[in-house]
Every structure is written in C-alpha cells, then in structure tokens.
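Assemble the complex: chain A is given as a structure, and chain B must be docked to it using the hints.
There are 2 protein chains.
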Amino acid sequence: MPSNQQILLDNRPSGEAVAGNFKLVSSDTPALADGQVLVRHHFMSLDPYMRGRMNDAKSYAQPQALGQVMGGGTAGEVVESKNPKFAAGDKVVGMGGWQEYSVVDANQPGALRKVDTTHVPLSHYLGAVGMPGVTAWYGLVKIIEPKAGQTVVVSAATGAVGSAFGALAKARGCRAVGIAGGPDKCKYAVDELGFDVCIDYKEHKDAASLSKALKQACPDGIDGYFENVGGMILDAVLSRMNAFGRIALCGMIAGYDGQPLPMSYPQLILTNRLKIQGFIVSEHMEVWPEALKELGAMVGAGKLKPRETIAQGLAAAPEAFLGLLKGKNFGKQLVKLV
Amino acid sequence: MPSNQQILLDNRPSGEAVAGNFKLVSSDTPALADGQVLVRHHFMSLDPYMRGRMNDAKSYAQPQALGQVMGGGTAGEVVESKNPKFAAGDKVVGMGGWQEYSVVDANQPGALRKVDTTHVPLSHYLGAVGMPGVTAWYGLVKIIEPKAGQTVVVSAATGAVGSAFGALAKARGCRAVGIAGGPDKCKYAVDELGFDVCIDYKEHKDAASLSKALKQACPDGIDGYFENVGGMILDAVLSRMNAFGRIALCGMIAGYDGQPLPMSYPQLILTNRLKIQGFIVSEHMEVWPEALKELGAMVGAGKLKPRETIAQGLAAAPEAFLGLLKGKNFGKQLVKLV
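Sequence lines, in order, name chains A and B.
First residue of the first sequence? That's 10 in the working numbering, and the numbers climb one at a time after it.
First residue of the second sequence? That's 10 in the working numbering, and the numbers climb one at a time after it.
Just so you know, not all the hints are guaranteed correct.
The list treats identical chains as interchangeable, and a pair is accepted whether it falls inside one copy or across any two copies.
What the hints assert, rightly or not - Dumping the calculated DMTMM-like pairs for lysine to aspartate or glutamate here, alpha-carbon to alpha-carbon at most 25 Å:
no.: 1; residue 1: Lys224; residue 2: Asp193
no.: 2; residue 1: Lys91; residue 2: Asp37
no.: 3; residue 1: Lys151; residue 2: Glu292
no.: 4; residue 1: Lys156; residue 2: Glu295
no.: 5; residue 1: Lys224; residue 2: Asp209
no.: 6; residue 1: Lys221; residue 2: Asp65
no.: 7; residue 1: Lys302; residue 2: Glu201
no.: 8; residue 1: Lys224; residue 2: Asp65
no.: 9; residue 1: Lys345; residue 2: Glu317
no.: 10; residue 1: Lys32; residue 2: Asp19
Read the hints as simulated data drawn from the structure, not as lab findings.
Only chain A is shown next, with the shape it has when bound in the complex (with noise of 0.2 Å):
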C-alpha cells in the first residue's frame, strides 16, 4: 500500500487562523474492504467554507474533528477498486480531504463521482463544475429567481463560485456587477468572465464610498444579490436594493475569525421588502444533475472561462488555504498532487 501524506487540524484558531492550525502527517493507506475503493488525489479543492468548520461552533457542519484529516473535495484517479462501479484508471470526484490518497466506501450515495475528462478538466469538477458552479447556479435560479433585464451582483466575483455566477447571469439576460478586490481581479472579471461591471472594494473605505459606486454600477437598481463576504459590502448592497428584491446568502467570509459582522440597517428589509435566504448547496442535492449539465455546457463552450490559482503538493494547502481566505487567490484555489 502506498504511503499516504495527510493534514490534520491540529488545534482550532483563537481568532485569525493560522499554519500552526494544521499538521503534517504519513501512514499508510490501508487494505481495501469489499465495496471499498483506493483514489489518488490529483487535485484538492479548498474553500472558505473550512474556515467555520475549524471553529467548535454551532454551525451547519459539524466542526472539523481534532486529529482528523480536514475535509474538502478532491478529484483524482481510481487506482484500487474491490467495488464493481469503479476501476483503475476512473477519473472520479469525491470528499477525499486534504490527504494523497482516500479509501472511499464507494456504495455510499454520493461518495464517489466518475466524471469525464473529454471536454471539461479534471479540476474544473472542484470549481465551476462542481460543488462551487452548483452553489452559484441555486442562488441565482432558485433564490434570486431573475428575470432578463435585471441587475444582479456578486461579491468575491472573481472567485470559483462568482465567475459561474457572472456567467449564469449573463446567460439569463441579467446585467451582472461584480464585487472584487483590486484592479487585476476586476479587469478579469469584465475582460474575461464576461461581468457588465466590476467594483474595486479595495478603492472605499466604508460602505457610504461603495454604496455610491454601486449605484453607478446599478443605474436601475439591484434585483439579486449573491453574498459570499458580509459585513460593510453586504450593508452597501443593502442600500441599493430594489423593492423585492432578493439576496442569496452563501458566505460571510468577512466573520469567520469570529470578529462581529452587524448587518447595519436591517430596517431596510422591511422598507424594501426584502428577501434574504441562507441556504447550503449540500442539502440541495436534487438540483446538481440540472446545475451540472448547464455548467459542464458552458465550459465545454467556452462561455465559461475558470481561472484557477494552483498551489503545488500537500504542504503547500495550509498556506494556499490562509492566503484564499485573504483573498490572495485569484479564481478557484486548488492543490495539485500528481
């Protein structure tokens, strides 16, 4: 059996998180069981969702248990298979973790995904055919709801769920406004992935500053939003919502060192008669096969362009992991291992 290097979360952060959080580790893979398969991680997919899953908090998740390899999505090749779904040489997706190599119980629903490389990449499954697309296309179809015409906006837009939501919305006739962090990211985002306009947040100070911009940026107001950050974006936002419109609650990276994130005038849902829904791509998965084929279409066009931000071996995850959650990558993040 081969060796298998993994990354334990070692201890939780008291505030910002940190390399010290994570600890390398080795041991062997061990035999397989029936039913049970041996995958080779090729790539690993980290995401800001592993912050709050590092804290011990009341959350959608369960934390991430101490001494355990972090969870996360990997995409890799079947090299062992006692199940007769699978064989060597299956390209497949999966919830591997940060590890090299994962023995997935493969007659699980769900736990193992062969996919096909032909026209869209092995990584772009971790990204914008995968769990990201799927998170972007049920905020825009199921919560927003957008008609042609209206404006939506996205917040980290330039980011692996953000671009498949740029792209989405365009494909419904929607004006798409983006909300990235300095001017490489937001020249991409209109050059590239095809957003109306792209909003530099790094350029206001305060949610006053940005509101301004976003109402240049939105002449007719905003209709949807997708929020993947919170805090003072999600309060300028708020400001220039229309009536009935609808925001799509998925992230609020701004919060997950545990700083307060007040949503500031919450009045504003009522005046504008707003709707705001949290809500998990995981608990709907009756929407993937829908998302997925829309998805793997529009990468397999051309008419959506994943950039990706690949950091190279397991050790490098943690740094990768930190820098993602300072927004130092630029699309979706992966870790390649083969």
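Relative to chain A, chain B alone:
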C-alpha cells in the same frame, strides 16, 4: 355641511415623535360630487407604521405630506351618498385619516368597504378583522408556513397583530410563544389570547438574557418568527431559530425614531439557512378575502378576543399615538369619535 375637526402633520420629528408634530384644525366638509360619499368616522385606527411615514425618508410608503391630514384607517357610517353603491346608514371601513369626516370617491377600488356588524363589532374591522389581522395572517400563512407542532414566536404579542397571530397559530396546531412588555400583558397573552407562554422582555437587559428565556419557552427551538420590533429582540430570537426557520419582518418599531438598530449576527441566517422576508400587507390584496373570512369567523366564534385601548375624541389622538409607540396601549389602539 358639518364642521370637520382634523389633525395635520405640522412638522417632522427629529428623533422621537412629539405632540408638537401635529396640529388640530377645523374646516367645513365640502359638498359631494357625483360618486362621492360622506362618511362620519366612529373609530380611527392608530398603527405603528404611521411613525415611519412621519419621516421624510425613502420607504415603502410615500412620506406623510406636511400640512395634510394624517392618513390612517377609519371605521364609520355613511351620512350622505351620491354613489348608488352606498346609502346613508351603511357601516363602512376606509382610509379616512385623522379627522371626524371624510369625503370618499367610492368608485375607486378598495377606497370604501361595507362591513357587517351583526357578529363583529365595528371597531374590530380596524383590528383583528382588518389590516392588522390580515398582516398576522399573511406573515404566518404565506411566509412562516408553519406545520402543526412547530414553534412560532411573535413580538408585541398583545398588540392588534400579535393577538391575531397567536390565535391563528394555535388554530394550526403550533406552539405559540409571545414576547410582550410587562407582567399584565404577558398574563393576558396566556390567559386570554391562548399563547402557550409569553416572555416579558422588560425583565431582560440584553439579548443574551432574553435568549436564555426563549430557550426555556421554546424547548424545541423556533421555527417561525413574526417580527414587529427589531433590535435586541430580533437578536435574541435569531439565536434560537431552528435550521430552515422563517422570519416574517413586518415592523421594526424599535428603530422608528432613527436610532441605529443593527442585527448583530447575520451569520446566523447562513448557518441556520433561514429565510427572512419583509412584507407589507397592502401589497397582497389577493389574500384579504380569505384572511378576513377566517379572522371574522374566529372573532364571531369567540376564539379570538381582541382587546382594545380606546382614546376619546380626535384631540386625544396624538398622545394616544405617542403612547402606542412606547407600548402604553394594551391591544389595538383606537380613537373613538362618536
């Protein structure tokens, strides 16, 4: 033509509303044109939303115009009619405003509605069987959509909206928990309105303390919340919401004087996958017939016994209204004019 006492909005509040914002004047009622009806108001409704309209701020409603009669619901009797659909002696409900008489263009849809006072006293058409009752109905039935056995909570529980909410929730097999100010109101909520428990928010100095009381009152958590108040109470309820809970946001009376009223932990919307929806009942006229039918039947059958606080005479309206904003009323606040 009879002389008509009226109360105008004379100037806008800066901060707290005061009696000096209003002005009592007298004028003659004009002669009727074809299609018009002269209504003598027996009861005037005082409602928290009126405070919002006194500000010159962007909101769902046009601000109350300065120098004009304060708007508001009225119940009364037709004294003269040049409209074939109405005759002298008809009991009617409309939006006559803070004055003794109103001249109504009765052909305008929804401007004037005949009501039957055989089983339901006229004044209740401004409360349980009127706008406040339908408000409770819409929030409960259309936004919270409770299942039997679920726990629903309402703030301002003994008010016109809250008392109807409690009765409607019990009729649907819910656990109904009220929040109100003071032991008398809480006792009344349980003994007369049928709430399972009522929490006195005045016993709690902060959201953490109120949250503890809610935990006791709602051992299975909170599935639905109807918000009339905002601020500390909303923070406390948010901390006890179950996954997939629904919050109908109807009023935030705690912020009507313009003070900041932040929501401290909007992250809870995400972690508990909540839906928060603001609404205004006048934008959902399609539900009024169904709602009024249920509410009228409940009042007629004695299953909803709405309490009223009645101020005497038009001149008493400003003080009664200011008292309402401070929770001095007990049940529906009315002004009796005849």
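Please sort Lys302 with Glu201 into within, between, both or neither, judging by C-alpha distance up to 25 Å. within (22 Å within a copy, 57 Å between copies)
Between the shortest in-copy and the shortest cross-copy C-alpha distance, which are at most 25 Å for Lys224 and Asp209: within, between, both, or neither? Answer is within: at 14 Å inside a copy they meet the 25 Å cutoff, but 43 Å across does not.
Same-copy or cross-copy closeness of Lys224 to Asp193 [CA-CA at most 25 Å]: within (22 Å within a copy, 49 Å between copies)
Checking an output row: Lys151 and Glu292, CA cutoff 25 Å. Within, between, both or neither? Both: 13 Å inside a copy, 23 Å across copies.
Could you figure out if Lys156 and Glu295 sit no more than 25 Å apart (CA to CA) within one copy, between two copies, both or neither? both (23 Å within a copy, 23 Å between copies)
From the Cα coordinates, with 25 Å as the cut-off, is the pair Lys345 and Glu317 best called within, between, both, or neither? within (11 Å within a copy, 70 Å between copies)
My question is about Lys91 and Asp37: at a cut-off of 25 Å on alpha-carbon distance, are they close within one copy, between copies, both, or neither? Only inside one copy: Lys91 and Asp37 sit 18 Å apart there, 94 Å across copies, limit 25 Å.
Cα distance capped at 25 Å. Does Lys224 pair with Asp65 within a copy, between copies, both, or neither? Answer is between: at 21 Å across copies they meet the 25 Å cutoff, but 39 Å inside does not.
Is it within, between, both or neither when you check Lys221 against Asp65 at 25 Å Cα-Cα? Between copies only: 20 Å across chains, 38 Å inside a chain, cut-off 25 Å.
With 25 Å as the alpha-carbon cut-off, assign the pair Lys32 and Asp19 to within, between, both or neither. Classified as within; 6 Å inside a copy, 69 Å across copies.
The structure shown violates none of the earlier numbered hints.
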